[in-house]
Structure formats: structure tokens, C-alpha cells
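Participant: The lines below spell out each chain.
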Amino acid sequence: MKKRYVYMLLLPGMLFLLLFMIVPILLTIGSTFFQQGSFTLAGYLHFLTDSYFLKILWTTLRVSLVTTLVCILIGFPAAYYLSKLGPRKKGILLALAIFPLLTSSVVRSFSWMVILGKKGLINTLLVAIGLTDEPLDILYTPTAMMIGLVHLFLPLIIITLVGVMENIDPDLLKAAESLGASRFTAFRKVILPLSVPGLIIGSILVFVGSLTAYTTPALLGGKQRVISTFLYQNAMTLNDWYYASVVATIMIAITFIVIGVMNKLAMKLNPKG
Amino acid sequence: MQEKNRGLAVFTFLVFLFLLGPLVIISLTSFEPSTVLRFPPKGFSLRWYENILDVEMFLETFKTSIFVSVIGNLLALALGIPAAYALSRYQFKGKGFFNAVFLSPVLIPGIVLGFAMLKYVIVIYDLPIYAGLLVGHTVVMLPFIIRVIASSLANFDFAIEEAAYSLGSGKLATFFKVVLPNIRSGIIAAILIAFLESFNNVDISVFMTGPGVSTLPIQMLTYVENNFDPTIAALSVVLMIITAVLMFLIERLLGLSYFTKR
Numbered sequence: 001m002k003k004r005y006v007y008m009l010l011l012p013g014m015l016f017l018l019l020f021m022i023v024p025i026l027l028t029i030g031s032t033f034f035q036q037g038s039f040t041l042a043g044y045l046h047f048l049t050d051s052y053f054l055k056i057l058w059t060t061l062r063v064s065l066v067t068t069l070v071c072i073l074i075g076f077p078a079a080y081y082l083s084k085l086g087p088r089k090k091g092i093l094l095a096l097a098i099f100p101l102l103t104s105s106v107v108r109s110f111s112w113m114v115i116l117g118k119k120g121l122i123n124t125l126l127v128a129i130g131l132t133d134e135p136l137d138i139l140y141t142p143t144a145m146m147i148g149l150v151h152l153f154l155p156l157i158i159i160t161l162v163g164v165m166e167n168i169d170p171d172l173l174k175a176a177e178s179l180g181a182s183r184f185t186a187f188r189k190v191i192l193p194l195s196v197p198g199l200i201i202g203s204i205l206v207f208v209g210s211l212t213a214y215t216t217p218a219l220l221g222g223k224q225r226v227i228s229t230f231l232y233q234n235a236m237t238l239n240d241w242y243y244a245s246v247v248a249t250i251m252i253a254i255t256f257i258v259i260g261v262m263n264k265l266a267m268k269l270n271p272k273g
Numbered sequence: 001m002q003e004k005n006r007g008l009a010v011f012t013f014l015v016f017l018f019l020l021g022p023l024v025i026i027s028l029t030s031f032e033p034s035t036v037l038r039f040p041p042k043g044f045s046l047r048w049y050e051n052i053l054d055v056e057m058f059l060e061t062f063k064t065s066i067f068v069s070v071i072g073n074l075l076a077l078a079l080g081i082p083a084a085y086a087l088s089r090y091q092f093k094g095k096g097f098f099n100a101v102f103l104s105p106v107l108i109p110g111i112v113l114g115f116a117m118l119k120y121v122i123v124i125y126d127l128p129i130y131a132g133l134l135v136g137h138t139v140v141m142l143p144f145i146i147r148v149i150a151s152s153l154a155n156f157d158f159a160i161e162e163a164a165y166s167l168g169s170g171k172l173a174t175f176f177k178v179v180l181p182n183i184r185s186g187i188i189a190a191i192l193i194a195f196l197e198s199f200n201n202v203d204i205s206v207f208m209t210g211p212g213v214s215t216l217p218i219q220m221l222t223y224v225e226n227n228f229d230p231t232i233a234a235l236s237v238v239l240m241i242i243t244a245v246l247m248f249l250i251e252r253l254l255g256l257s258y259f260t261k262r
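From first to last, the protein sequence lines stand for chains A and B.
Numbering-wise, the first sequence is residues 1 to 273 according to the UniProt record's numbering.
Numbering-wise, the second sequence is residues 1 to 262 according to the UniProt record's numbering.
Next comes chain A alone, as it looks inside the complex (with noise of 0.2 angstroms):
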């Protein structure tokens, strides 16, 4: 009788998710594998021999790994710096880092457009000293793709890394101190290693969130295509909804195959088993 009681609480919103996800989703990956009835592989065939997808492919990887590399690189020490201040310091500089993180992801990369620009800052200052004669072609660049990235998922890697570093206790590092290591290798002995597990979530979200992001390569990218573009553009330009299908196909294994791996890695790593 209980027991049925607790199935019934859940049994709404699992109807709910199953009929407008979990079938939509299953049916859009099942129908890759059929044309005209029979059971075909020629959709996937079709990408992985032409060239021009598996450029967008490479340019996706590469962009969303120097996305996640850039946001370590810079959010560790200020992640570091963060939890090291007193409660209000603190506070305030993790509401500052939490706002742009709420803001608008088309707020965001816009800021990026305004900045990058031929008319942008950035080119005015470089032409105003002389750097440079005619401004750069920075916007719609995948590098451009990638500063708006980085600026989109930096605030993450902080908070979460400011979360996990709180959680180290102040001792230890003193006790390492004590014990006679520099201040240095007790950071890297103590501070590092109790890090990883944070870092490593992290790192997923980042990469996983770069790989699948759309607004911002979609404004920042101009005609420069990442998987999540070309699908739009092959579900809504181009309306060929098998190739579309194909497409997300690979997008839900990529990020499945990454979370996968990473945790597998963050078990391996975990100094406490």
C-alpha cells in the first residue's frame, strides 16, 4: 500500500518527461538507423567520409578544449584567491561571479560582438596605437567563439572550485608548513590534489557546455559552423530532418562518452578512493 503511494507521487512526472523526452529523444536516435523501412547505417557513413562535417567536428573539439583548458588555467588562482577571503570579501566576489552567470546568454555573446567588432574596441585600441592599420577580423572567428565561451563558462569553474576548496581544511596546509614544505609545495601537495575531484566536475561542465552551446557560436561564429549550429541549420534551413537526426545522434554519445570518461577519471584520481 505504501509503497504504491510513493509510485503515485512520481507517476505524473515521469509520464510527463517519458512522453515529451525520453520518446522523443529515443524515437529521433532509433530513426537514424532506418531509410525506406530498412535498417542502414548510411547516415552515419555519410559524415564520417565527408569532410566538411568533420571539420565542423574538429573545430567543435578544438574550441570547446581550449575553452575548458583557458577556464581552468584562469579560474583556478582566482578560484584559490576566493576561498582564501573572509565570509564578505567572499561573498560579494561570488555574487559577481554567480550575475553573469544567470545573465542572458545573448546579452553575453552580444557584449562580445560590440567588443570584437571591426568597429570594437579591441580594434579601435589596437588601430588608435598603432598596432595594427586596418582592424583585425576577430568576430565571427572561432577564437571569437572561444572568448565568449571562456566568458560564459568561467563563472562556473569558480564557484565550483571555490565550493570544493572551502571544504579543505586550513590545517592541513599549516600542517605541511610546519612539517617544513614551502609554501608552494604545500599548495601542491595539499591544495592541488584535494582540487581534483572539483576540477574534474568542472571540467565536464565546461567542455560538455561548450561542445552543446549554441547562442554563442551562433552570434559570435558567423558562417563558422560547430555541431550545434549545423544541426540547427540542417533542421531548419536546410529542413533535412534525417541529417539533423544523425547529427544529434552523435551529440548525445559525444557528450555521453565524455561524462563517461571523466568520471571514470575522476574514480581514478580521487585521492580517497
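A couple of the hints might just be wrong.
[To be verified] Derived DSBU-like pairs (lysine-lysine); straight-line CA-CA distance at most 30 angstroms:
hint, chain 1, residue 1, chain 2, residue 2
1, B, Lys261, B, Lys93
2, B, Lys42, A, Lys119
3, A, Lys89, B, Lys261
4, B, Lys42, B, Lys171
5, B, Lys171, A, Lys3
6, A, Lys264, B, Lys93
7, A, Lys174, A, Lys89
[To be verified] Short derived list, chain B residues pointing at chain A, Cβ under 10 angstroms:
hint, residue
8, Val70
9, Gly94
10, Pro105
11, Lys119
12, Val206
13, Leu256
14, Phe259
[As the list claims (entries may be wrong)] Computed footprint of chain B on chain A, listed as stretches where at least three residues anywhere in the stretch have a Cβ under 8 angstroms from a Cβ of chain B:
hint, segment
15, 87-98
16, 139-145
The set of hints was computed from the structure by calculation and includes no laboratory data.
No residue lacks a Cβ here, since even glycine has one placed at the ideal position from N, Cα and C.
Start from chain A and add chain B according to the hints.
Facilitator: Relative to the frame of chain A, chain B by itself:
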């Protein structure tokens, strides 16, 4: 040692300059009196704020966005509160599985979910675009509603509920009179967080546009493609003010620790 800390402080300052600078720049360019989007602006004018109201589509899509976010929110609450309650109150078979399914909408790439919904919810189920939009946003909000409410239920002492039962209060009455009031701040925070997720959503909405139906973020994307004047900058300022107010409320209700926990 002092040296090193100062270096780190300067570095952190530069990081925050990178994070917030663009938002400041876009805010300042919104006051540009001419039609050129530039920084620094050459003068001060509020004409682009007036222009927001003159572009009829902005007002129309703003209404749609609000409607979808509010009604979708109510739907997600109706589906999510019972689920969050079951998941945090009881131990039962398959709990891990149900938990994973309810949080899965955040794992699936938004653009994939949007496309799959267009393909099946709109075309095969034959729902009107407006309904599809509503359903899509409900799916997007559900995991946030469940996560926030479940975590406030985790801090709720269910012995209070048992006490109410033993005093003769019924299950449903106890839930509404004892449990819900105790997690009120969690519920309000969940509503605000889900609202922001839905209001800013692009990935689902971009597939759910049709004659007369579109949301504000999608309308902004379309506008930027064709116009490069400071209207979007002005609109951005309005959206940032709304965001700041909601964020302040969320901080009051949950504290910033909600965001740092993973």
C-alpha cells in the same frame, strides 16, 4: 609571501574585469544618442530605451516569454513537488533510477532536446507551437524545481510530520499545512531559479517559433542578425536589472551556497 598574494589579487581583479567588463560596456553603449553601436558612447540619450517599446515584436515576445515561464513553472511545480517529496521522504526500489531520470533533462544537449521536441511533440503529436513551447519549458524547469525543493526537504525534520499524523491530521492536510509552509523559502527560490532558466532559454525556443509565436531571446537573436543599433544594448540592461533583482532574492532565500554546491 605578501608579494605572491598581491600578484594573485591583481590576477583575480583582471579575471573579474574580463567577466564583468563586457556587461558594463554593453550597458554604457545603450546610452548612445546616434544609431552607431560604439564604446565609449558619444553623448547621453534614452532613445534606445524608448525604441524597445516601439519595436512591437519585443513587447509581444516578452509577453510570450513571461507567459511560458510562469505557466510552465506552475506545471513543473505540480509535477515536481510530489516527486521531490517522494524522493527525499521515502526509501524505495528504483529510487536512484527515478532520481537520475528526473535530473536528466540537464544532461541532454538542449539543442538536441529542442530538435527532438520539434520533430515529435509538434509534428507527430501535432500539438500547437505555443503548447510545444510550454511543454518544452516545463521539461527544462523540472530538474531545477526538483533539485532545489528536494534539498530543502532534506533539511526538513519529518518527525514534525509524524507528530501531525499522531494528532489526527490527514496525509494531504499535513502536507499542505505542515510540510509546505516549512519549505516555503525553498519553493520560492526554486520558482525563481526555474524562471530564469526558462526565461533565458534559447535551445528549446529556437525550434518552437511559428507565425506570431516566439520568445524574447529568440526575437533578440533575429534582431541582431538584421540590425546593429543600440536597441539590444538597452534591452540587455533591462534584462540585467531583472536578473540582478531575482538573484538578490535567491541569495536571500537560499544563500549563495546553492550555486557553489555541485
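Participant: Determine for every hint whether it applies to the structure shown.
Facilitator: Hint check results:
| no. | hint | in the structure |
| --- | --- | --- |
| 1 | Lys261(B) - Lys93(B) | 27 angstroms, holds |
| 2 | Lys42(B) - Lys119(A) | 14 angstroms, holds |
| 3 | Lys89(A) - Lys261(B) | 19 angstroms, holds |
| 4 | Lys42(B) - Lys171(B) | 65 angstroms, violated |
| 5 | Lys171(B) - Lys3(A) | 15 angstroms, holds |
| 6 | Lys264(A) - Lys93(B) | 26 angstroms, holds |
| 7 | Lys174(A) - Lys89(A) | 23 angstroms, holds |
| 8 | Val70 | 17 angstroms, violated |
| 9 | Gly94 | 9 angstroms, holds |
| 10 | Pro105 | 6 angstroms, holds |
| 11 | Lys119 | 6 angstroms, holds |
| 12 | Val206 | 7 angstroms, holds |
| 13 | Leu256 | 5 angstroms, holds |
| 14 | Phe259 | 5 angstroms, holds |
| 15 | 87-98 | holds (count 7) |
| 16 | 139-145 | violated (count 0) |
In the structure shown, a violation is registered for the earlier hints numbered 4, 8, 16, in ascending order.
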